[in-house]
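Line by line, the protein sequences give chains A and B.
Final position of the first sequence in the working numbering is 373; the numbers increase by one with none missing.
Final position of the second sequence in the working numbering is 671; the numbers increase by one with none missing.
Calculated from the structure, these hints are not laboratory results.
No experiment lies behind these values; they were computed from the predicted model shown.
Be aware that a few hints might be false.
[Said to hold, decoys possible] Below, a list of computed lysine-lysine pairs in the DSS-like style, where the Cα atoms sit at most 27 Å apart:
1) K565(B) to K130(A)
2) K584(B) to K130(A)
3) K130(A) to K116(A)
4) K116(A) to K15(A)
5) K101(A) to K584(B)
6) K116(A) to K101(A)
7) K565(B) to K101(A)
8) K15(A) to K209(A)
9) K101(A) to K130(A)
10) K584(B) to K116(A)
11) K584(B) to K565(B)
[As the list claims (entries may be wrong)] Quick list of simulated restraints, FRET-style, between CB atoms:
12) R377(B) to R111(A): 58 to 64 Å
13) G570(B) to K130(A): 23 to 29 Å
14) G21(A) to G570(B): 56 to 62 Å
Don't be surprised by glycine CBs; every beta carbon is placed ideally from N, CA and C.
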Amino acid sequence: MAEIALRGVRKSYGKTEVVHGVDLDIAAGELVVILGPSGCGKSTLLRMVAGLETITAGQISIGGVVVNRLEPRQRGCAMVFQNYALYPHMTVAENIGYSLKIAGLSRAERRERVGKVAASLGLTEFLERKPGQLSGGQRQRVAMGRAMIREPRVFLYDEPLSNLDARLRVAMRVEIRKLHQRLATTTLFVTHDQVEAMTLADRIVVMNKGVVEQVGTPQDVYNRPESTYVAGFIGAPGLNLLHGIADSDRGVVTLRDGQRLSYDRGRWPEVGHGPVIAGFRAEVVKLAPAGLAGRFDFAEELGAAQLIHATIAGETVVAHVSGATRLNGGEPVSFVVDPAEVQLFDASTGRRLAGENGSAVASAPGARAMVPA
Amino acid sequence: MIERTPILDFMTHVLLVVSFVALLMPMWIVFVAATHDFHTVNQVPMPLMPGSHLFENLAAAWERGNFGRVMVNSLTVALGVTGGKIVIAALSAFSIVYFRYRLRMLMFWLIFITLMLPLEVRIVPTYAVAADALRPFQGMLDFAGFSIDLPEWNLLNSYSGLILPLIATATGTFLYRQFFLTVPDELTEAAKMDGAGPVRFFLEVLMPLSKTNMAALATIMFVWSWNQYLWPLLVVTDHQNYATATMQLQKIVPGPLFGEPPVWNVAMAANLIVMFPPVLVTILLQRWFVRGLIQTDK
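Put together the whole structure using the sequences plus the hints.
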C-alpha cells in the first residue's frame with residue numbers, strides 16, 4: 001500500500017487555482033523528488049502534505065490515514081525548510097530537541113537522543129552554539145537533525161539546498177542520499193534543480209503550472225520524456241526540439257526550411273503524415289559534414305567539452321561536442337544526428353507520440369539504440 | 374557619506390555643541406542649586422559652580438517629601454504599568470498578527486487610533502470608570518433592560534487605580550506588531566511541525582526573540598509612567614499612603630500659593646532624587662533600547 005497517497009488534490013487561493021488535481025502514490029521508503037520551475041505549485045503540494053496549507057479539494061492520506069483535517073503535528077511528518085528556520089535564540093541542542101521537549105520527554109532522555117542524532121550528523125562539537133555561529137552547511141545539518149530526531153513517518157524537504165553554495169550543495173546532496181539509505185524513511189523532496197532531482201530521486205515527479213507532467217525514474221524522465229515540457233526541462237541542456245512535418249513513408253521530418261531529419265521508422269511505426277516536433281539530446285549530435293545545415297551562434301565552454309549553440313531552420317539547437325572547436329559567429333555548421341536517437345512529439349499538444357516500439361532506453365548518452373526491425 | 378566637507382562638518386559640530394549646551398544647561402542649574410545652602414542659592418546671580426551642601430540638601434528633601442514612602446509608590450506604579458503594558462502589547466499584537474478572525478483589522482485600527490487619544494483627552498471618562506470600574510457594564514445592562522445591580526468597584530486611592538487605567542498602549546502594540554511581522558513565517562511553521570501550540574510558540578519562541586523589543590518598550594514606558602503627574606494627582610486623595618514622587622515634588626517646589634520662603638536648594642535636591650530612577654533605567658537599558666528600535670538583531 002502506498003505510504004503517501006494523493007487523490008485529485010487541488011489548491012486555490014481565492015479564485016486562482018494553483019494546483020489542478022494531482023494524483024500520486026508514494027511507496028514506503030521511497031525518495032520522491034518533485035521537480036518544477038518556481039511557481040509550478042510544487043512547494044504548495046508539499047506544504048499540503050505537511051499540513052501547513054489547507055487542501056481545497058481532494059484527499060491526502062499518510063500511512064492509510066486521511067490527513068486532510070489533521071494538524072501538522074498529528075501527521076507524523078518532519079520538514080526541512082529552505083532557509084532552515086532554526087530558532088535563533090536556542091542552541092543547536094535545544095533546536096534539535098525542541099520537539100521532544102514539547103512531547104514531554106525527560107531531560108536525560110532528550111540529551112541522549114540529541115547526542116545520538118548530533119553524532120550521526122557530525123554536530124557533536126557544536127551542540128552548545130547558537131545557529132548564528134554556524135555556517136550554512138552546519139545549519140542545514142541542524143535542520144535535518146531537528147527533523148530526524150522525531151523519527152517521522154515521512155521526511156519533507158522544501159528546496160533545502162537552494163541557499164548553499166555549489167560545492168556544499170553537492171556534499172549535502174550526498175549526505176541526504178546517505179541518510180535516506182540509512183533510515184529508509186519515505187521522503188518527499190521539492191526542488192527546481194534537475195541535477196538534484198536526477199541524483200537523489202528514486203522517482204521524479206515533474207510539475208508544470210500546477211499539473212503533473214510526468215512521474216518516473218530519473219532514467220525514464222531523461223530518456224523518455226512524456227512531453228516537450230519535460231524534454232526541455234530535464235538535462236543540461238534540455239532536449240533539442242525542432243518543428244517539422246513527418247513523412248512516415250520515408251521516415252523523415254521535413255523542417256521549416258526544407259531540410260530533412262531522419263528518424264527510426266521501426267521505432268515509430270504509427271506516425272502518420274503531419275506536423276510533429278522532433279527531439280534529440282545535445283550529446284548525440286556530431287559535428288560532421290552532410291548533416292543538418294545551420295548557423296553557428298556561440299559556444300559555451302565546459303572544460304572537457306563545449307556546448308555549440310547554432311540556429312537550424314530558425315530554431316536553436318545545442319550540440320555537446322568534446323574537445324575544442326574554433327568557430328566564428330555566423331559561420332555555417334553541419335550537425336549529424338543518429339536517426340535512432342530522434343524522439344517525436346505531437347506538434348499541437350506537446351505530448352510524446354504514441355505507438356512507440358521497444359521503448360529504446362538508451363542507457364548512456366551516445367549509446368547506439370536498437371537496430372530497426 | 375564619504376565626502377570631505379570641512380565647512381559643513383564645522384557647522385554641524387557647532388549646531389551639535391549649541392544644542393547640547395541648551396539641553397544640559399537646565400540640568401546643570403538644577404544640580405548646582407542643589408549643592409548650595411539657602412543663602413547662596415538665593416543670590417542674584419546664582420553661582421554656576423557647585424557648592425558643598427549636596428548631601429544635607431538631599432537629606433532635607435528626602436525628609437520633607439516623605440520620599441522613603443513615595444519612591445516606593447512610584448516604583449510600584451512604574452513597574453506595574455511597564456509590565457502591564459508589555460504583556461498587553463505583546464498579547465494584542467500576537468492576536469492581530471498570528472490569528473485570522475473577523476474584524477481583525479478593525480481591532481487593529483481601533484487600537485491604533487487610541488494613539489491619538491492620550492490620557493489627558495479622555496481623562497474625565499477615565500476618572501468616572503476608575504471611580505466605579507463596573508459602571509460601563511452597569512450602563513450596558515441598564516440599556517439592555519436588565520435590572521441587575523452590579524457592585525461598586527472603586528479604584529480611587531489604590532495601586533490598581535494608579536496602574537490599570539494606564540496600561541493600554543497603542544504604541545507598544547504597534548511596536549510588537551512590527552516586530553512580529555519581521556519574524557519569518559518558516560519559524561512559525563517549524564514550530565508547528567515540532568508540535569508547538571500557539572501559547573508555547575508565543576512563550577518559548579516569540580518572547581525570547583523579542584527581548585530587545587521588550588527592553589525598548591520597557592525603557593520608554595518606565596520613564597513615561599514614572600513621570601505621570603496628572604493622573605495620580607486626580608486619582609489619589611490619600612496623599613499619606615498613595616502619593617507618587619512626581620506629586621510630592623509639587624509640594625516641595627516653593628510658590629506664592631503656599632506662602633513659604635523659596636527654598637530652591639532643597640527643591641532642586643528633591644528634583645535630583647525624583648530624576649534618578651528613570652535616568653538609571655535609561656542608562657542601563659539604552660543599549661538594548663537602541664537595538665530594539667532599529668531591530669537589526671536577528
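Now for the hints, and whether the structure bears them out:
no., hint, in the structure
1, K565(B) to K130(A), "holds (21 Å)"
2, K584(B) to K130(A), "holds (16 Å)"
3, K130(A) to K116(A), "holds (19 Å)"
4, K116(A) to K15(A), "violated (48 Å)"
5, K101(A) to K584(B), "holds (22 Å)"
6, K116(A) to K101(A), "holds (16 Å)"
7, K565(B) to K101(A), "holds (14 Å)"
8, K15(A) to K209(A), "holds (15 Å)"
9, K101(A) to K130(A), "holds (18 Å)"
10, K584(B) to K116(A), "violated (32 Å)"
11, K584(B) to K565(B), "holds (22 Å)"
12, R377(B) to R111(A): 58 to 64 Å, "holds (59 Å)"
13, G570(B) to K130(A): 23 to 29 Å, "holds (24 Å)"
14, G21(A) to G570(B): 56 to 62 Å, "violated (33 Å)"
The structure fails hints 4, 10, 14 (numbered hints given earlier, in ascending order).
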